[in-house]
Amino acid sequence: MDRIINYIFGLLVIFLFVLEGRADDHFMIISGLFLSTIAAYIAFIGNWITLDATKSVIVLGTVTLGFGGWWMAFALIFFFASSSLLTRRNRMGGLENPEEKYLHHDLKKRRDGYQVWANGFWVAVLCLLWFITSIDAFFIAAFAVIATATADTWATEIGCRNPGKTRLITNFKEVTPGTDGGVSLKGTIAAIVGSLAISLFILPLLIEYPDAMLAVIFIAGFAGSIADSYVGATLQTADISQVKPEDFINTVHNFKNNFVNWISTGIGGLIAFIIAKVIFII
1 MDRIINYIFG
11 LLVIFLFVLE
21 GRADDHFMII
31 SGLFLSTIAA
41 YIAFIGNWIT
51 LDATKSVIVL
61 GTVTLGFGGW
71 WMAFALIFFF
81 ASSSLLTRRN
91 RMGGLENPEE
101 KYLHHDLKKR
111 RDGYQVWANG
121 FWVAVLCLLW
131 FITSIDAFFI
141 AAFAVIATAT
151 ADTWATEIGC
161 RNPGKTRLIT
171 NFKEVTPGTD
181 GGVSLKGTIA
191 AIVGSLAISL
201 FILPLLIEYP
211 DAMLAVIFIA
221 GFAGSIADSY
231 VGATLQTADI
241 SQVKPEDFIN
251 TVHNFKNNFV
261 NWISTGIGGL
271 IAFIIAKVIF
281 II
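In the working numbering, the protein residues as written are 1 to 282.
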């Protein structure tokens, strides 16, 4: 499935490069391809991603920088770098992200293409829509997607370090830390800080209502992380017969986790788009 997504976005990049892009657009797309290729293989050599995931990183990076611009790319890099560093810090301290207990042993050290697209799919879609339509609400929504992914990952990675009381988001009953849909004060604060960190990347850009757009991205990113917990509590614990793709080497539980991330980042982007478009009409 991740390979199909790579092909689809790759073909869209080629189509827009040939038929739609201007000279400066061509420069950005080529820069995105060149820099994301370097970044992907550095991440592979550094044992952060699988070899197959390098293709996903290259495609996602090309679309993000080529059609979303430098600050969008910086925000995405910040998300992946900070999340990976938090994960490694926990592992070095003997802690394991609760979600990783379901991972295939080859992926406890590396991230695969499914995980790349679970967090980056809507970024690519919204960057392309912004490029084609010039509707700024798509641009704001793309930032909100990254804010959602950052908030959720930081909440999980930081929240698993001495989490204190953890409660299920659907009924607020106390549960064991690491339970799907469980939230803690420490994890919630981490989500707030993560979403705020990504929203700050909007400030250097010349857009309408910069302070308001910062707030929109922050609110949508945090709301998306809450949606992740809620969807995780309802979907991952449900007795659903789900067939995973043949090339997905992890468990069905982990496939559901990627699916939850995909849904929640989409929700974060949708919230930002609606607020930006309906209230601020951009």
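Any given hint could be a false lead.
[What the hints assert, rightly or not] Straight-line alpha carbon distances no greater than 20 Å define the calculated DMTMM-like cross-link-like pairs of lysine to aspartate or glutamate that follow: (1) K186 - E174; (2) K277 - D136; (3) K277 - D211; (4) K277 - E174.
[Claimed, not checked] Distance windows between CB atoms, simulated: (5) E174 - D24: 52 to 62 Å; (6) I42 - I14: 41 to 51 Å; (7) I4 - N171: 37 to 47 Å; (8) I38 - Y209: 33 to 43 Å; (9) I279 - G46: 40 to 50 Å; (10) F27 - S134: 13 to 23 Å; (11) I135 - F17: 12 to 22 Å; (12) R88 - S134: 31 to 41 Å; (13) T170 - G46: 18 to 28 Å; (14) D25 - I281: 45 to 55 Å; (15) S31 - Y7: 37 to 47 Å; (16) S31 - R3: 55 to 65 Å; (17) L206 - D25: 12 to 22 Å; (18) G164 - N47: 57 to 67 Å.
Since the hints were made in silico from the structure, they are not lab data.
The C-beta atom is built at its ideal place from N, Cα and C for all residues, glycine as well.
(message) Tell me the numbers of any earlier hints that the structure contravenes, in ascending order.
(response) 4, 6, 13, 14, 15, 16, 18
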